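Trainee: Chain by chain, the residues:
Number of protein chains: 4
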Amino acid sequence: MSHGYLSDKSAHLARLKRIEGQVRGLHRMVEEEKYCIDILTQVAAVTKALESVSLALLTEHMNHCVVQAARAGDDEADAKIDEVMAAISRLVK
Amino acid sequence: MSHGYLSDKSAHLARLKRIEGQVRGLHRMVEEEKYCIDILTQVAAVTKALESVSLALLTEHMNHCVVQAARAGDDEADAKIDEVMAAISRLVK
Amino acid sequence: MSHGYLSDKSAHLARLKRIEGQVRGLHRMVEEEKYCIDILTQVAAVTKALESVSLALLTEHMNHCVVQAARAGDDEADAKIDEVMAAISRLVK
Amino acid sequence: MSHGYLSDKSAHLARLKRIEGQVRGLHRMVEEEKYCIDILTQVAAVTKALESVSLALLTEHMNHCVVQAARAGDDEADAKIDEVMAAISRLVK
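Protein chains in written order, with UniProt numbering: chain A, 1 to 93; chain B, 1 to 93; chain C, 1 to 93; chain D, 1 to 93.
Everything labelled a hint here was simulated from the structure, so no lab data went into it. Since the structure is predicted, the reported quantities are computational estimates derived from the model, not experimental observations. Watch out, some of these pointers could steer you wrong.
To be verified - Not everything, but these chain B residues come out facing chain A in the computed CB check (under 7 Å):
id	residue
1	L16
2	E20
3	R24
4	H27
5	M29
6	V43
7	T47
8	L55
9	L57
10	T59
11	D74
12	M85
13	R90
14	V92
Cβ atoms here follow ideal geometry from the backbone N, Cα and C, with glycine treated the same way.
Model the full assembly from the supplied sequences, consistent with the hints where possible.
Mentor: Next comes the structure, spelled out in structure tokens:
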């Protein structure tokens, strides 16, 4: 079953490949005992990249699933919004 | 040159390996078009794992570099604290 | 014009009154030169309280404005979702 | 007993006064049922302002308490760093 984010699927996959490479780079930095602050800067960059992935996925989820649920009826809308708000809370914290 | 986090080096490396695997898992989830909310939950888990790596590295940096700088003199202390505060700001934002 | 969060209006107002009191408490702590770490703990509590207000307001916005826009048509839905995603991005960062 | 952040005390107090005013502004916005997204933007501004207060207090704490503890001995340094790392963790989460 498709979940509606096919439009940007290859962009998401490319981003995640890049993040995987960045995490491998972090491993190498620790392996080679690079300066701690430089590693922290790099971890912050990976965190920002993951945040962008989250926001992109969330946008597609809103555009598809939430909109469809809203149109399907009040109960469907309530359930989808509860679910997405729980996901947003996890992102914010 | 060693930067003082050797004590936990293998623990950091193991954590980063696990995170790399988690990012690969995210790639697979998008590839297989898993449900968006489940992917978001997984991204939040990776972000938390990276946060733990950051805090662990920062603790070691404080215990070694910052303490040494404090003992070396006021200028050394000031420089190291400016640097670490910039890194902490990036973590907080 | 009403914006749909009337249901919990008095709860939001009560929370904001409490937060105002907490900020006044922070002022007093700095005035009396309380221990820095204790002040930081208190700032973190206020930040969490504001985060709860944000999430509560966002939930109501989703339940009312976003659902209505989704039902009004594709353009209305797109515009509301762009707007709410911008707000969520500001919360996440 | 002084805790070493006297240098910027009046700046901290002025900032907290401003934040208190901003929170009062939020109360007014909810009272008058302003548009949700505008209130969320304003909450984000208050959160950023509190974050700046935290980072400023933390910088002074590092410059004074942490440096002094580092010079006092290993046990003192360990205790202060444990304490400050716990505070930083609360800021990051």
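Trainee: Take the hints in turn and mark each one as holding or not.
Mentor: Results for each hint:
1. At about 4 Å, the closest approach between the beta carbon of B/L16 and any beta carbon in chain A falls short of 7 Å, and the interface hint on this residue holds.
2. Interface restraint check: B/E20 against chain A, minimum CB-CB distance 5 Å, threshold 7 Å, status holds.
3. Look at B/R24: its Cβ gets to within about 6 Å of chain A, closer than 7 Å, so that hint holds up.
4. The restraint placing B/H27 at the interface with chain A holds, with a minimum CB-CB distance near 4 Å, inside the 7 Å limit.
5. For B/M29, the shortest C-beta to C-beta distance to chain A is roughly 9 Å, which exceeds 7 Å, and the interface hint is violated.
6. Evaluation of the B/V43 hint against chain A yields a held restraint, the C-beta minimum of about 5 Å falling below 7 Å.
7. Hint on B/T47 holds. Least Cβ distance to chain A is approximately 5 Å, under the 7 Å limit.
8. Interface hint at B/L55: violated, since its Cβ lies 10 Å from the closest Cβ of chain A, which is beyond the 7 Å cut-off.
9. Satisfaction of the interface hint for B/L57 is found here, the shortest Cβ-Cβ separation to chain A being roughly 6 Å, below the 7 Å cut-off.
10. Look at B/T59: its Cβ only gets to about 10 Å from chain A, farther than 7 Å, so that hint breaks.
11. Checking B/D74 against chain A by beta carbon gives a least distance of about 20 Å; that is not within 7 Å, so the hint is violated.
12. Of the supplied interface hints, the one on B/M85 is violated, with its beta-carbon coming no nearer than about 11 Å to a beta-carbon of chain A, more than 7 Å.
13. For B/R90, the shortest C-beta to C-beta distance to chain A is roughly 4 Å, which falls under 7 Å, so the interface hint holds.
14. For B/V92, the suggested interface contact is broken, since its CB lies about 10 Å from the closest CB of chain A, more than 7 Å.
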